[in-house]
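Number of protein chains: 2
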Amino acid sequence: MEWINRDRVLIVGLGLIGGSYARALKRLGYYVMAIDTDPQAIAYALENGIVDEGATEVDSAMVGSADTAIFALYPRVLKEWIAQYQDLFKPGIFITDVTGVKGCVVYDVQDMLRPDIEFIAAHPMAGKETSGVQYSDARIFHDANYVVVPTSRNTPEAIEWCKNLGQVLGFARISVLSPEEHDEMIGFLSQLMHAIAVVLMACSDNEHLANYTGDSFRDLTRIARINDAMWSELFLLNKDALLHSMDVFESEFDRFRQLVEDGDKEGIRRAMQLSTERRAWFDK
Amino acid sequence: MEWINRDRVLIVGLGLIGGSYARALKRLGYYVMAIDTDPQAIAYALENGIVDEGATEVDSAMVGSADTAIFALYPRVLKEWIAQYQDLFKPGIFITDVTGVKGCVVYDVQDMLRPDIEFIAAHPMAGKETSGVQYSDARIFHDANYVVVPTSRNTPEAIEWCKNLGQVLGFARISVLSPEEHDEMIGFLSQLMHAIAVVLMACSDNEHLANYTGDSFRDLTRIARINDAMWSELFLLNKDALLHSMDVFESEFDRFRQLVEDGDKEGIRRAMQLSTERRAWFDK
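Note that the protein sequences, when read in sequence, are chains A and B.
Heads up: the first sequence begins at 100 in my numbering, then just goes up one per residue.
Heads up: the second sequence begins at 100 in my numbering, then just goes up one per residue.
Careful: at least some of the hints might be erroneous.
Unchecked claim - Simulated pairs of lysine to aspartate or glutamate, EDC-like, Cα-Cα distance not exceeding 16 Å:
#	chain 1	residue 1	chain 2	residue 2
1	A	Lys227	B	Glu228
2	B	Lys338	A	Glu360
3	B	Lys364	A	Asp151
4	A	Lys383	B	Asp339
5	B	Lys383	A	Asp318
6	A	Lys383	B	Glu228
7	A	Lys364	B	Glu228
8	A	Lys227	B	Asp318
9	B	Lys338	A	Asp166
10	B	Lys338	A	Asp327
As the list claims (entries may be wrong) - A short, non-exhaustive set of chain A residues, derived as facing chain B with CB atoms under 10 Å:
#	residue
11	Glu152
12	Tyr206
13	Thr250
14	Glu376
15	Trp380
16	Lys383
I should point out that these hints are in silico values taken from the structure, not numbers from a laboratory.
Beta carbons: idealized from backbone N, C-alpha and C, even for Gly.
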């Protein structure tokens, strides 16, 4: 396998996801290096054996020694980093990312990249309501989905390498989607869910509701605890797909509301039977 | 305590919730009797030691021997049952229920009831996506909320008895609300959540989405697997409160959608900061 020759891994951005990649790869025997501007994140990772080497500034020797690099940065920062530091990389290395939106990232990065380096995008569909390397945990990948997002400029070797990375990290299902398919999917499955959770918390300022609630409200609002810096950026970078899924949802919501207003019990039951049937697709 | 003199408990309706009450009370030493029209439910409960006695038809001797009765029936069936069989009860007994809506039940039942029997309503905020006594489990009450819903016609003794019932069942928090407060609360915290989950499943017929989803979509749609007979009835019995919370939600949704359309990053971040702050109220 290509992968076994790439044993020095550089992780740029050591937060929850970068840290979880680091833990998983180090446990598998890779030599893991990390760069993060936050000294506390690097200190924590070194003290806890999450990485082998760490730096708070871009270290030419470290970047130059990497056989592969994984970017776990916000989309805009990722593009800036590549533009500024790509000359430090070894020829021939594969670069991947973990960014939650793809169309606005992948093409720009591939356009600006040196021809002897290949960028192959991926999206690990895993996370937590907390952020920071101190919450990182490789177990969040188990049972989770991993999507490789190639363009026509990617080689079969890089796509294979990236799928293999998902496998060694322990993901349960690995898929391949185009950037456009990915962003439409994520606008619905992830961003719309976060929008609904955020909106639900705007509906009431009654703190005492916690004394009455069952599990359903807790489930629908778990992700209302949200990293606003990251998600506001992701929302706006995927604005068209998000607005589209918001509109689809609102139109179905209006249709259901009308059934309730009309007292159409049979219509309500049919909608519930459909939802019960479709939800079974998502049983783990 | 009043409760210790009431050691023969009759449960009418032996589904998920009735069965969970039966398990909890039997374990505490009460003599538990159950009536359910489904022979399989009664047979299962007897075979598995969930009840001491069971009947598939209304048994005068059983009803007449009960020191207390708990109704776990759909709202309309509950009212019919009381109208038809209340003469069988001993004088002086306390009756309670587990119904998910109150305004349309409590006053009607209290109006029709013999003056020597007292009905005190309660709502155990616990459940599962499955139905039937075979899924019953007393552990669903732990960590859960229990709401006693008295009217001006209830005595302090019955209210105290009903709170005590919630305590012995093992609920974590016991509150008291009027029927109107209860129904408004439930329209938002429970019914709107179920409506959103059902609507989300109407948005896409793409079975492959399961290969890409993270946990957020699973969380928001867990309750899309829904007992359509029960929930369609509950929705329509609480129509005004449900429509009100749907409208509040939709108006907040529109406001958030506008922030996205306007590319108002600061506005989106403020909404996310508010949701993060408020969600902390609901941490267990």
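Exercise. In ascending order, which of the hints set out earlier in this document are inconsistent with the structure?
Worked result: 1, 3, 4, 7, 9, 10, 11, 12 and 13
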